[in-house]
Amino acid sequence: MSSRLEIEIAGLKLSNPTMLAAGILGLSAASLREAIKNGAGAVVTKSVGLKPRSGYANPAVVQVSCGLLNAMGLPNPGAQDFAEEIREFREDGFKARIIASVFGFSAEEFAEAASVLIEAGADAVELNVSCPHVEKTGSEIGQSPTMVREVVKRVKGVVDKPVIVKLTPNVADIVEVAETAVKAGADSVAAINTVRAMAIDIETARPILANKIGGLSGAAVRPIAVRCVYEIYEAVNVPIIGCGGISNWRDAVEFMLAGASAVQIGTAIACEGLGVFKSITRGIDSYLRKKGFGSVKDIVGLSHRR
Amino acid sequence: MKISTVQDETSSVKSFAFHDRFCANAKPGQFVMIWIPSVDEVPMSLSALQPDKSQAAITVESVGEATKALHKMKAGDTIGVRGPFGNSYAIAKAHNVMIVGGGTGLASLMPLTERLARGKNKITFLMGAKTRNDLLFLNRINELLTKVKGRVIATTEDGSYGLEGLVTAPAEKMLEKGEKFDMIYACGPEQMMHKMFLLAEKFNIPFQASLERFMRCAIGLCGTCVIGKYRVCQDGPIFSGQQLREVKDEFGHFLRDFDGRKTTV
Numbered sequence: 045m046s047s048r049l050e051i052e053i054a055g056l057k058l059s060n061p062t063m064l065a066a067g068i069l070g071l072s073a074a075s076l077r078e079a080i081k082n083g084a085g086a087v088v089t090k091s092v093g094l095k096p097r098s099g100y101a102n103p104a105v106v107q108v109s110c111g112l113l114n115a116m117g118l119p120n121p122g123a124q125d126f127a128e129e130i131r132e133f134r135e136d137g138f139k140a141r142i143i144a145s146v147f148g149f150s151a152e153e154f155a156e157a158a159s160v161l162i163e164a165g166a167d168a169v170e171l172n173v174s175c176p177h178v179e180k181t182g183s184e185i186g187q188s189p190t191m192v193r194e195v196v197k198r199v200k201g202v203v204d205k206p207v208i209v210k211l212t213p214n215v216a217d218i219v220e221v222a223e224t225a226v227k228a229g230a231d232s233v234a235a236i237n238t239v240r241a242m243a244i245d246i247e248t249a250r251p252i253l254a255n256k257i258g259g260l261s262g263a264a265v266r267p268i269a270v271r272c273v274y275e276i277y278e279a280v281n282v283p284i285i286g287c288g289g290i291s292n293w294r295d296a297v298e299f300m301l302a303g304a305s306a307v308q309i310g311t312a313i314a315c316e317g318l319g320v321f322k323s324i325t326r327g328i329d330s331y332l333r334k335k336g337f338g339s340v341k342d343i344v345g346l347s348h349r350r
Numbered sequence: 095m096k097i098s099t100v101q102d103e104t105s106s107v108k109s110f111a112f113h114d115r116f117c118a119n120a121k122p123g124q125f126v127m128i129w130i131p132s133v134d135e136v137p138m139s140l141s142a143l144q145p146d147k148s149q150a151a152i153t154v155e156s157v158g159e160a161t162k163a164l165h166k167m168k169a170g171d172t173i174g175v176r177g178p179f180g181n182s183y184a185i186a187k188a189h190n191v192m193i194v195g196g197g198t199g200l201a202s203l204m205p206l207t208e209r210l211a212r213g214k215n216k217i218t219f220l221m222g223a224k225t226r227n228d229l230l231f232l233n234r235i236n237e238l239l240t241k242v243k244g245r246v247i248a249t250t251e252d253g254s255y256g257l258e259g260l261v262t263a264p265a266e267k268m269l270e271k272g273e274k275f276d277m278i279y280a281c282g283p284e285q286m287m288h289k290m291f292l293l294a295e296k297f298n299i300p301f302q303a304s305l306e307r308f309m310r311c312a313i314g315l316c317g318t319c320v321i322g323k324y325r326v327c328q329d330g331p332i333f334s335g336q337q338l339r340e341v342k343d344e345f346g347h348f349l350r351d352f353d354g355r356k357t358t359v
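Going down the list, the protein sequences come from chains A and B.
Residues 45 to 350 (my numbering) are what the first sequence spells out, left to right.
Residues 95 to 359 (my numbering) are what the second sequence spells out, left to right.
With the rest of the complex left out, here is chain A (with noise of 0.2 angstroms):
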């Protein structure tokens, strides 16, 4: 892959600006290993608390016409278990990029798990306050600029990697908790994890989710992504990690014009499978090309020009 194609995220060096989403896949090293010889630049784990949690009962996932509703409820193997997949993750000096993804139901217990998942290998955290279905974490620390500000604080205490935010749409003003975010210390925000929504069966007259309420991830979610990195990219110096719905290459320059640095993909491999990275590395690259632009680095943000 061409050199164009590289890029930093709060120092951390990207052979191209695609990132396997948190939540997708990622439960073990040799699936996270998997998304990066199909061409990933970098992969998140799944979302790691202290303990381990099992999740919602099945119906955990419903697709609708417009996109994939989820709720999972955050199943993870808490974070000493899952400190082992990292570390077989990093057998063989693999060198690749992997991401934290971690939760916590106190800034405390976020900053345990992200330092036991760091000291296990892992290049830097990015801090779940976002999932939207799981009660006491998630958007319920995500929608309060207060609580946001006390997670980073105390992690970036005790970790001395890269961290990264990722936000939840379901917010009056996301800029607002972005901003927090970053006075707090966040070398990065990622925007943006699922929208709350639900799917109602008519046969049967119920909610199909066990958890009733999900996340909507997906092509529908896109341009409400789109709009939250356009308006963080206007108030934040940090890199922005654009997600939500991207499933081919034009989708990823569209956010990288919005001000995205790095894009993250999950739905679309429902689809596409794990070659979606490659293609959308190709098509960016080819798209770069054309327009005569020397680096991805040149179109970050370009939308806002006046």
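Fair warning: there could be bad hints in the mix.
Below, in silico cross-link-like pairs of lysine-lysine (DSS-like), each with a Cα-Cα straight-line distance of 30 angstroms or less [unchecked claim]:
#1 K216(B) x K267(B)
#2 K356(B) x K81(A)
#3 K322(A) x K335(A)
#4 K256(A) x K166(B)
#5 K256(A) x K168(B)
#6 K356(B) x K95(A)
#7 K205(A) x K356(B)
Calculated from the structure, these hints are not laboratory results.
Mind docking chain B on chain A? Use the hints.
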């Protein structure tokens, strides 16, 4: 979707048929996610494919909360069906196959056997269960194999029907005797499939097995069902001997629980 018929197979196993064009035209080995409203959603192999009737069926043992709830349902009751998902059994080009099924693993082998019986295949069908009463599809298989060159060998753990012991024993005996097969298909408890995999490796016979893992999304995203680099819901559920060699540290040894932690098979 409405259940069209419910059929008792054994004292603890029932088949549920439903009308769905996509499932009726599924390939042998594919599975569906069955939603029992307000209870759970579980992966189930399709045990009958009837494109002419636009009908398919699943065969379910009453073992947990979801399957117990399903067993209480009757024709006309509503279930949700997502799918069909996953890959399918590769149909052997050569014509002398061994099929080994245990317990409800026989479900996914039925559409395969029907397909193979339509070709001019020689079929050696080995089926195992705990007792005579637990032997699934005995009549259906016997009837199928009257149409082709075939034989059925049944085993029960208590000896109440056929040979006493595990289904892998007669399989091993045949292979030791020097009988040749072009393909071995297996579906059932993982220890059984693992044993058959080792035999296929030893005697250098192509092998396919249908794996079972905890599942959530069924579309290759959530990572719940991973084995090595593979996702059972998308890259499987059918795996070849060659693929199983790549995941031999996991296959037959451990699987991941819903929280991602490893548990013994």
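Can you list which hints this structure breaks, lowest number first?
none
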